[in-house]
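*Asks:* Chain by chain, the residues:
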Amino acid sequence: MPDILTYDFMVRAFIAGLLVALTVPVLGGFLVARRYSLIADSLAHVSLAGVGAGLLFGIAPIAAAVPLTVGGAVLLEWLRQKKRMSGEIGLAILMSSGLAVAVVLANLAHGANVDFSSYLFGSITTTTLNDLWWLALAASGVAAVIGIHYRAYMHIAYDEESARIAGYRVTGLNYLLAAITAVIVVCSLRIVGGLLISALLVMPVVTASTIATSFRQTLVFAVIAATIAVLAGLVISFYAGVAAGGAIVLSALALLVGSFAWRR
Amino acid sequence: MSKGKTSPTFAPPLHANKRLLIDVDNVSVRPQEEHILDAVSLCVHAGEFVGLIGPNGAGKTTLLKAILGILAPKPSGRIAATWHRAGYVPQRGQLYNGLVPMSVLEVVSLGLGRSQAKTDALRALESVGMAPQASMRFTELSGGQQQRVAIAKALAGNADILMLDEPMTGVDERAQAEFYAILRSLQQRGITILMVSHDVDTVLSLVTRVICLNRTILYDGSPEHFDIDTYMPKLYKEQHLRLHHHHEGSKHA
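Same order as they appear, the protein sequences are chains R and D.
Residue numbers for the first sequence follow my numbering, so the first one is 1 and each next one is one higher.
Residue numbers for the second sequence follow my numbering, so the first one is 265 and each next one is one higher.
For reference, chain R alone in the conformation it holds in the complex:
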């Protein structure tokens, strides 16, 4: 057995990383197709506010972040559907407000700042068994929702109006997609970090899009690219002693650049 796997925290990190790699890019495929790439970034910032609240009030940070982030996702979707505000403006406001609240709350929670930074950038040493259970639950939820509604979400990605005409309950499905994105974003915080999670939603999908010819193929290639990036990033993080999130995203970036170069 390689020495890296003799550490319990690394085994937990690998399991968490694989759960993230198997689910996040699949969601990313549907979000990127609809030009919602920034939604995960905004939600991640809101989730950090939840983490800050959790640290301040002594509640499990993930448990505090889930309802807040789902609320943010539902609010964003509501604004988009009612056309009360341009999508971009809503995202920008939510993103900066979320981070501002997070920083203030984390500062108020004296002594918790070290722990808070692990939610910003991801940390392989701090992933607990409890985090793993949360992530497994969220990943199962994502797999179930996408498995059941795959064709509906693909139709919505193609064109919302024709999906409505085909009889799909587009409004409800959009809220559901926003909510599961929020949950998986929160549960991925520990391993990838709030500031970097959106990269894992977007980069593997863009990498896959350069070579795939169909939607299904794109999702499969994206999962493969994310898995390679996560595994490589965790190994680099372990041996080089750098933040897991940063190493994972840089690995994903290397794959993206490689795919562009290969296509040329």
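Since the hints were derived computationally from the structure, they do not count as laboratory data.
Certain hints may be false.
What the hints assert, rightly or not - Below, simulated SDA-like cross-link-like pairs (lysine to any residue); rule was C-alpha separation at most 25 Å, straight line:
{"hint": "1", "chain 1": "D", "residue 1": "Lys-329", "chain 2": "R", "residue 2": "Ala-144"}
{"hint": "2", "chain 1": "D", "residue 1": "Lys-382", "chain 2": "R", "residue 2": "Gly-147"}
{"hint": "3", "chain 1": "D", "residue 1": "Lys-382", "chain 2": "R", "residue 2": "Trp-78"}
{"hint": "4", "chain 1": "D", "residue 1": "Lys-338", "chain 2": "R", "residue 2": "Arg-151"}
{"hint": "5", "chain 1": "R", "residue 1": "Lys-82", "chain 2": "D", "residue 2": "Ser-292"}
{"hint": "6", "chain 1": "D", "residue 1": "Lys-382", "chain 2": "R", "residue 2": "Lys-82"}
{"hint": "7", "chain 1": "D", "residue 1": "Lys-329", "chain 2": "R", "residue 2": "Gly-147"}
{"hint": "8", "chain 1": "D", "residue 1": "Lys-329", "chain 2": "D", "residue 2": "Gly-485"}
{"hint": "9", "chain 1": "D", "residue 1": "Lys-329", "chain 2": "D", "residue 2": "Ser-305"}
Starting from the structure of chain R, add chain D where the hints point.
*Replies:* The following block gives chain D in isolation, referenced to the frame of chain R:
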């Protein structure tokens, strides 16, 4: 029709003994102060090829959306539809241009049940001559080819009525001719067609019935009875004046 409006011209009925598919009864749509549609009534019968013409802002797309059930007639009106399955072809600009590739086969399979999706989608692609492109990326096709795929998507699942919204805007003439030939053959196969278009000449040469709309119906009848010299100034006067003013304005600037 509301009081004080010009009475529409109705040519003799073209659809004796045909099954009624769409019955639009006194539909008005008024989101704010101004009517988009004002007391519109019309019927579409099985086997007809209906062309819906009118200037920009005449309410053509709104009427189509109301018929398709994605927009409620407010404040008044009733729409009854008895089709088995309706297919919709949106404007070309609304076709998929997402960042994630979708294959032609995937596009046509949308909205079909899992079990028969591939077979039905391939059959629909064959009917528009696009089966060889089934495994290509949808976005790699030309504008005309994309619209043919959109027809295949609308037809898949045995649609008995096809509704098209300005399908050929921005498409070259050769692709348009191929597209309209497909529509003609579909109508000959018994598929009812309701097509919104700006292109009056093409509509008149193609359809079995023309409906002329400018918030309210000005003409509903056969293309042969449609007097282009009477209706064109009525339809496009406003836009002509607007263009004229714009032109005059730029001359003075």
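*Asks:* Between Lys-329 (chain D) and Gly-485 (chain D), is the straight-line Cα distance small enough, at 25 Å or below?
*Replies:* The hint holds at about 22 Å.
*Asks:* If you draw a straight line from the CA of Lys-338 (chain D) to the CA of Arg-151 (chain R), is it 25 Å or shorter?
*Replies:* Roughly 32 Å between the alpha carbons, so the hint for Lys-338 (chain D) and Arg-151 (chain R) is violated.
*Asks:* Going straight from one Cα to the other, do Lys-382 (chain D) and Trp-78 (chain R) come out at no more than 25 Å?
*Replies:* Not OK: Lys-382 (chain D) and Trp-78 (chain R) at ~35 Å, beyond 25 Å, violated.
*Asks:* Given the hinted pair Lys-382 (chain D) and Gly-147 (chain R), is their Cα-Cα distance within 25 Å?
*Replies:* Distance ~18 Å between Lys-382 (chain D) and Gly-147 (chain R) Cα, so the pair holds.
*Asks:* Given the hinted pair Lys-329 (chain D) and Gly-147 (chain R), is their alpha-carbon gap at most 25 Å?
*Replies:* Given that 25 Å is the threshold and the Cα spacing comes to 30 Å, the pair is violated.
*Asks:* Between the alpha carbons of Lys-329 (chain D) and Ser-305 (chain D), is the straight-line distance 25 Å or under?
*Replies:* holds (15 Å)
*Asks:* With a cut-off of 25 Å on the C-alpha distance, tell me whether Lys-329 (chain D) and Ala-144 (chain R) pass.
*Replies:* violated (33 Å)
*Asks:* What's the verdict on Lys-82 (chain R) and Ser-292 (chain D), does the C-alpha distance respect the 25 Å limit or exceed it?
*Replies:* holds (22 Å)
*Asks:* Would the pair Lys-382 (chain D) and Lys-82 (chain R) pass a check requiring their Cα atoms to be no farther apart than 25 Å?
*Replies:* violated (36 Å)
Against the hints set out earlier in the document, violations occur for numbers 1, 3, 4, 6, 7.
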